[in-house]
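**Student:** Sequence:
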Amino acid sequence: MIEIAIDGTAASGKGTLGKKLSDKYSFPYLDTGMLYRKVAHELIKNNKVNTTGLEKTSCHYAMILNLKELKNKNLRTEDVSKLASKIATFQNLRKILNNKQKEFNNSNKKKFGGCILDGRDIGTTILPNADFKFFITASLEVRAKRRLLEKNISFLHENDEKCMLQTFMNNMKERDRLDSNRKISPLVPAKDAYVIDTTSINSEELLSQVVDIIERKK
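For any residue, its number in the working numbering is found by taking its place in the sequence shown, counting from 1, and adding 1.
Hints in this document: simulated from the structure, not taken from any laboratory.
Don't take each hint at face value.
Below, a list of computed lysine-lysine pairs in the DSSO-like style, where the Cα atoms sit at most 30 Å apart [as the list claims (entries may be wrong)]:
(1) Lys69 / Lys152
(2) Lys74 / Lys96
(3) Lys111 / Lys184
(4) Lys74 / Lys87
Whenever a hint applies, use it, and build me the whole structure from the sequences.
**Tutor:** If you want it as structure tokens, here you go:
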């Protein structure tokens, strides 16, 4: 049975890598960051963001979270993203969602012979003994450009596009700073992780590198 742990910076290509590896090896794939986004979305939807006891309320939504409800497009808005980063510092919330991630891994690994988890502290906390650990990163500008392309906005003037790109860069820089400096599960690669920079390579080239590492070690 094979465990594959993927971590890295936002828009570095780790999610696409996880999906492509899932297709290639027929292993279930879980974007664990979506669990925090789902909780954040529920908080916003139910007007619970500015109430007292935010951690307790977050834990409530985490307990009843259904992993089959993580494909909602509304989970990827900027407001949800910012709140998800904030609540991800709640230790009790992390315990609940960490357990859900481990349950997903254990049940699917036995059923399919392998599992792929992508997200924060996968290689250090969730799957510390994973067979393969990858930490994916890229330059700030390239990651921001990828986010802009994802928006698929074709009517922007050049100046508007530059302004939006700068906004994405500023947001990502702040998110990197918060994620890297937080006390609980900071953004750092596991000591035994393969660190791959995707600044100058596309998703297919990344997949090729990772598959080569997996096949050689297998």
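**Student:** Regarding the pair Lys74 and Lys87, is the alpha-carbon distance no greater than 30 Å?
**Tutor:** holds (20 Å)
**Student:** Quickly compare the C-alpha distance for Lys111 and Lys184 to 30 Å and report which way the hint goes.
**Tutor:** Cα-Cα ~33 Å, so violated.
**Student:** Is Lys69 within 30 Å of Lys152, Cα to Cα?
**Tutor:** holds (24 Å)
**Student:** Lys74 and Lys96: Cα distance at most 30 Å?
**Tutor:** Cα-Cα ~26 Å, so holds.
Of the numbered hints stated above, the single one contradicted by the structure is hint 3.
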